[in-house]
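Engineer: The chain contents come next:
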Amino acid sequence: MEYTREIYWNIGQSLGVLLPMYLLAIAAVAFLTYQFSRRIKVYRQGQPLDRCDQWPTRLKQAIRGTLLQSRVLYQRLPGTAHALFFWGFLLLFIGTLLIFIQADLTDPLFDVRFLTGPFYLWFSLILDLAGLVAIVMLAGLLIRRTLIRPPGLDNIKDDWIIHGLLLAILISGFIIEGARMAVTELGTPLALWSPVGLLVANSLAGFEEATLRSLHQVTWWGHLLLAILFIAIIPLTKLRHLFTTSTNYFFADLGPKGMLAAIDLENEETESYGAATITDLTWKDIFDADACTSCKRCQDRCPAWATDKPLSPMKLVKQVGEIAFQQPQANLPETLERDVIWSCTTCLACQESCPAAIEHVGKIVDVRRHLVLMEGEFPGDEVTAAMEQTEVNGNPFGLAFAGRGDWAQGLALVDANTENTDILYFVGCYASFDKRNQAVAKAFVTLCAAAGIKVAILGKTEKCCGEPMRKMGNEYLYQTLARENIENIAATSAQQIVTTCPHCYNTLNKDYREFGLTLPVQHYTDFLADLIKGGQLQLQPQETRCTYHDSCYLGRHNDRYQAPRSLLTAAGAQLSEMDKHGRESFCCGAGGGRILADETIGSRISEVRAEMAAATGTGTLVSSCPFCLTMFEDGIKGADLSDQLTPLDLAELLVKRLPAA
Amino acid sequence: MMNILVCIKQVPDMESRFKVNAAGNWYEDTDLAWRMNEYDEYAVEQAVQLKEQVGAAELTVLCIGPERVKETMKKALAMGADKGMHILDPDSHQRDPMTIAAVIADYVRQHNFDLIFTGMQSQDRGSAQVGVLVAEMLGIPSLTTLVEFSYADGTISAKRELEGGSRALVSCNTPALVTCQLGLNKPRYPTLPNIMKAKKKELLTAPLADFSPPELQQQTVAVFLPEKRGGGLILEGDPAELAEQLLKIIKDKTTVLA
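So the sequences go chain by chain: A and B.
Going letter by letter, the first sequence gives residues 326 to 986 in the working numbering.
Going letter by letter, the second sequence gives residues 22 to 279 in the working numbering.
Rather than coming from a laboratory, the hints here were simulated on the basis of the structure.
Be careful, since some hints might not be right.
Covered stretches of chain B, as calculated for chain A (at least 3 residues, CB under 8 Å) [as the list claims (entries may be wrong)]: (1) 32-41; (2) 82-88; (3) 125-133.
Simulated DEER-style distance windows between Cβ atoms [said to hold, decoys possible]: (4) B:Ala230 / A:Gly705: 19 to 29 Å; (5) B:Gln74 / A:Gly841: 41 to 51 Å; (6) B:Pro111 / A:Arg908: 31 to 41 Å.
In silico EDC-like cross-links for lysine to aspartate or glutamate, where the CA-CA straight-line distance does not exceed 16 Å [claimed, not checked]: (7) B:Lys222 / A:Glu593; (8) B:Lys220 / A:Asp625; (9) B:Lys207 / A:Glu594; (10) A:Lys905 / A:Asp625; (11) B:Lys207 / A:Glu331; (12) B:Lys221 / A:Glu594; (13) B:Lys95 / A:Glu716; (14) B:Lys218 / B:Glu92; (15) A:Lys788 / B:Glu248; (16) B:Lys218 / A:Asp706; (17) B:Lys221 / A:Asp706; (18) A:Lys785 / A:Asp747; (19) A:Lys785 / B:Glu36; (20) B:Lys207 / A:Glu713; (21) B:Lys95 / A:Asp605; (22) B:Lys40 / B:Glu223; (23) B:Lys95 / B:Glu223; (24) B:Lys220 / A:Glu594; (25) B:Lys207 / A:Asp706.
Just so it is clear, the structure is predicted and the values come from calculations on it, not from any experiment.
In this text, a Cβ means the ideal position worked out from N, Cα and C, and glycines have one as well.
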């Protein structure tokens, strides 16, 4: 026998069927288009931003993100359920498309039927199983929403509508199949190629054929209407993410990762800086809100939210959307609230985990820029003071700029202005002025000396890299500092820069490129790992236990996870990872310029992190960032863990492994 | 139109590395970070607030010193002053308060200011005399060490800080001069548009000689760093014992309990 089935079985391909079906479909698509065109007008309130450059890369990104669900799968369990559901539903969509092509195009026009033979058997089996997988996954996700109810996963009307509608579409599909099979396929080998359909057919086998035919017809029309409804409500509900999230993969930031857009300070036409109203943000910022599915992955990972501060990256993004759609005149700092805006540590956990490629941090910094540059406002007087001190002395402590190089007295450094040097060590404010971190700087220089590396520093001509100022919104001060540093670096003979601070590293290696810094920049963990690999630096491993904290600006901002761990291994350290490590690392609380600010709301981020480290039972918390080290020194005391945990910079651990001279 | 003047001084940041200069009569200029005298920042802020209050007003910022003081003047302009008057004097650090005051008074006589703001004192020389001397030379009232200021219809009402934490309420009519103390206000952080505008504001420079500086009456003979005193004393032991020790020290070495 020929393996196939009669399309439009029991329905007929008459005008009475085709006309209403196609009219409804056209109406649904027209409605969807109209609704999206209205939304596009709202997106266009934002500032222009080119997100169509490098389109082949973008297209690849969009296909990867959508078809492979690469970002969705970041979170294993619900991600897998969503991906399987998506693939199942996608196959069913493709199947329906094939049926449409044969039944209404190739067959009537050219007498070509391809849904036959072995292809039909596999077609039948695959769609049948796809439907099963989709139902099971959808049910699983519904159970998660209703019974498991993870904290923060708020259910809104949309969620009930979407789950109900999709389940109804899938179940009615199987009823249609079962009723048809009960009449036409039961007892034939063909039935085995639709196992789920067969199950339904068997359970319907007791009914009269007439009953089955009525059931089939009614369900068929119902299924059609549900499918039409599904299309129509896409733009009105969270279902819009089918279009917006996949498109957002195309529009996603291509990097450098986490880098902010510079403000053109030379343009004398500009009268307003930063974002005071929705029209100051870009169209992409508004579009992001439509791409958000409220999955709350960002909120789950936000260190501010986890410590009872009012910032939830998800809620902020949603609120930007509400403002754009409902109150476009609203003042952003007032409506989003200042405490929300100042709470961000720019740790990037939100963006790293976002399945929709939303950019949360830039929006926050844009509002900060308005507050700082247009209102002269900071989260506290201590921050204003730090800014003023940096203007005067080039460091937020307000210590004499002339004393910046004093920490290095007695160390064998070369003068980068007159001698050849292997590296220019950009020391940063903390390692220059903060006693605790001076020990790290000395350890690094000692390690370099042991490897025969000639090190120079800028000394009193080095200034703060400007990172905390920039993240706080003070673009003007950042750019002033950046230009001075670049000029002073250019005046040396240095060919390579190394930093011990990930914030300096990130700023010099990414942000300074815009102002013409071309020298290669490395964080010391990469630099030392290379020296060990090259045999220049030799360590005597010595067993010890520790845990390692990935700083946000080395980790998520720059994807450097391996070098510090390889150094720990080379030192003979037994590493016990915290639950939150690598890409999932939990901020120390100092990023985003928060190092300059008092943490007055909620619990202390550094204490929460110190507790996570203490829970490893290793007794030593290793990090490779002066901000982290400073925060942990305080956090460990604050959490009363001094007898259980010692914070250490990786360089300090390594220097103890140098063979005795 | 109300005509307001604010007098400021550029001083080294107090965290700087001070070295005595070769002549031994002032500090060395190198390796210093320069900024606006703290008390003058309160003066500028109050003057700008007053200008914002009355609307029809012009605020001039005046500064005496070498070329570099213009940087500090720009901050005052960015905070809201309308124009700047720089009296160029590379040797301003050698002038006594009387000379500085006479120069300012000479400038003021040419311009008829309704109200003059100055800091209570400078952070480097700390004489606290220039403001009052200017008022005296001009024959106008002066209110010093203000911690509160208000103005209405030609009358200033203010609160002065006195010794021992008490305050005095005072008032006078303009023209007048006031000197500003810590606590008067919180100086604003200049906004970027104002920083940009400040670059284009009028900033005139005239040599000191134009303002008929008088002969020096006072000379700085020598400056020196304070002698290093003995280090601190760390007491150890249990609290009761510590209290005993501390009490003994207080009795022996101070007059607190005398």
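Engineer: Now, for every hint given, state plainly whether the structure supports it.
Structural biologist: Hints, one by one, checked against the model:
For the region 32-41 of chain B, the assignment as covered by chain A holds, since 4 residues bring a beta-carbon within under 8 Å of that chain's beta-carbons and 3 suffice. Counting residues of the region 82-88 of chain B whose CB lies closer than 8 Å to any CB of chain A gives 0, so the stated coverage by that chain is violated, three being the minimum. Under the rule that three or more residues need a Cβ within less than 8 Å of chain A, the assignment of the region 125-133 of chain B is violated, with 0 such residues. Against the hinted window of 19 to 29 Å, the Cβ-Cβ separation of alanine 230 (chain B) and glycine 705 (chain A) comes to about 47 Å, which falls outside the hint.
Between glutamine 74 (chain B) and glycine 841 (chain A) the beta carbon distance is about 45 Å. The supplied range of 41 to 51 Å therefore holds. At roughly 59 Å, the beta-carbon separation of proline 111 (chain B) and arginine 908 (chain A) lies outside the given 31 to 41 Å, and the hint is violated. Between lysine 222 (chain B) and glutamate 593 (chain A) the CA atoms are separated by roughly 15 Å; this keeps the pair inside 16 Å, and the hint holds. A threshold of 16 Å between alpha carbons decides the hint, and for lysine 220 (chain B) with aspartate 625 (chain A) the separation of about 47 Å lies outside it, so the pair is violated.
Using a Cα cut-off of 16 Å, the hinted pair lysine 207 (chain B) and glutamate 594 (chain A) is violated, with the two alpha carbons roughly 30 Å apart. At roughly 12 Å between alpha-carbon atoms, lysine 905 (chain A) and aspartate 625 (chain A) fall within 16 Å of each other, so this suggested pair holds. A hinted pair counts as satisfied when its Cα atoms are at most 16 Å apart, and lysine 207 (chain B) with glutamate 331 (chain A) does not qualify at roughly 83 Å. Proximity of lysine 221 (chain B) to glutamate 594 (chain A) is assessed by CA-CA distance (about 14 Å); at most 16 Å being required, the pair is judged to hold.
For the suggested pair lysine 95 (chain B) and glutamate 716 (chain A), the alpha carbons sit about 13 Å apart, so the restraint of at most 16 Å is met. Pair hint lysine 218 (chain B) plus glutamate 92 (chain B) holds up; C-alpha atoms about 14 Å apart against a cutoff of 16 Å. Restraint check: the Cα-Cα separation between lysine 788 (chain A) and glutamate 248 (chain B) comes to about 32 Å, which exceeds 16 Å; the hinted pair is violated. A hinted pair counts as satisfied when its Cα atoms are at most 16 Å apart, and lysine 218 (chain B) with aspartate 706 (chain A) does not qualify at roughly 25 Å.
Restraint check: the Cα-Cα separation between lysine 221 (chain B) and aspartate 706 (chain A) comes to about 29 Å, which exceeds 16 Å; the hinted pair is violated. Proximity of lysine 785 (chain A) to aspartate 747 (chain A) is assessed by CA-CA distance (about 20 Å); at most 16 Å being required, the pair is judged violated. In summary, the hint linking lysine 785 (chain A) to glutamate 36 (chain B) is supported, as the alpha carbons are separated by about 14 Å, within the 16 Å threshold. The suggested pairing of lysine 207 (chain B) with glutamate 713 (chain A) holds, with an alpha-carbon distance near 13 Å, which does not exceed 16 Å.
For the hint linking lysine 95 (chain B) to aspartate 605 (chain A), the alpha-carbon distance of about 29 Å lies beyond 16 Å, and the restraint is violated. A distance of roughly 35 Å separates the Cα atoms of lysine 40 (chain B) and glutamate 223 (chain B); the hinted pair therefore is violated under the 16 Å criterion. Proximity of lysine 95 (chain B) to glutamate 223 (chain B) is assessed by CA-CA distance (about 10 Å); at most 16 Å being required, the pair is judged to hold. Between lysine 220 (chain B) and glutamate 594 (chain A) the alpha-carbon distance is near 15 Å, which keeps this suggested pair within the 16 Å criterion.
The suggested pairing of lysine 207 (chain B) with aspartate 706 (chain A) holds, with an alpha-carbon distance near 9 Å, which does not exceed 16 Å.
The structure shown violates the earlier hints numbered 2, 3, 4, 6, 8, 9, 11, 15, 16, 17, 18, 21, 22.
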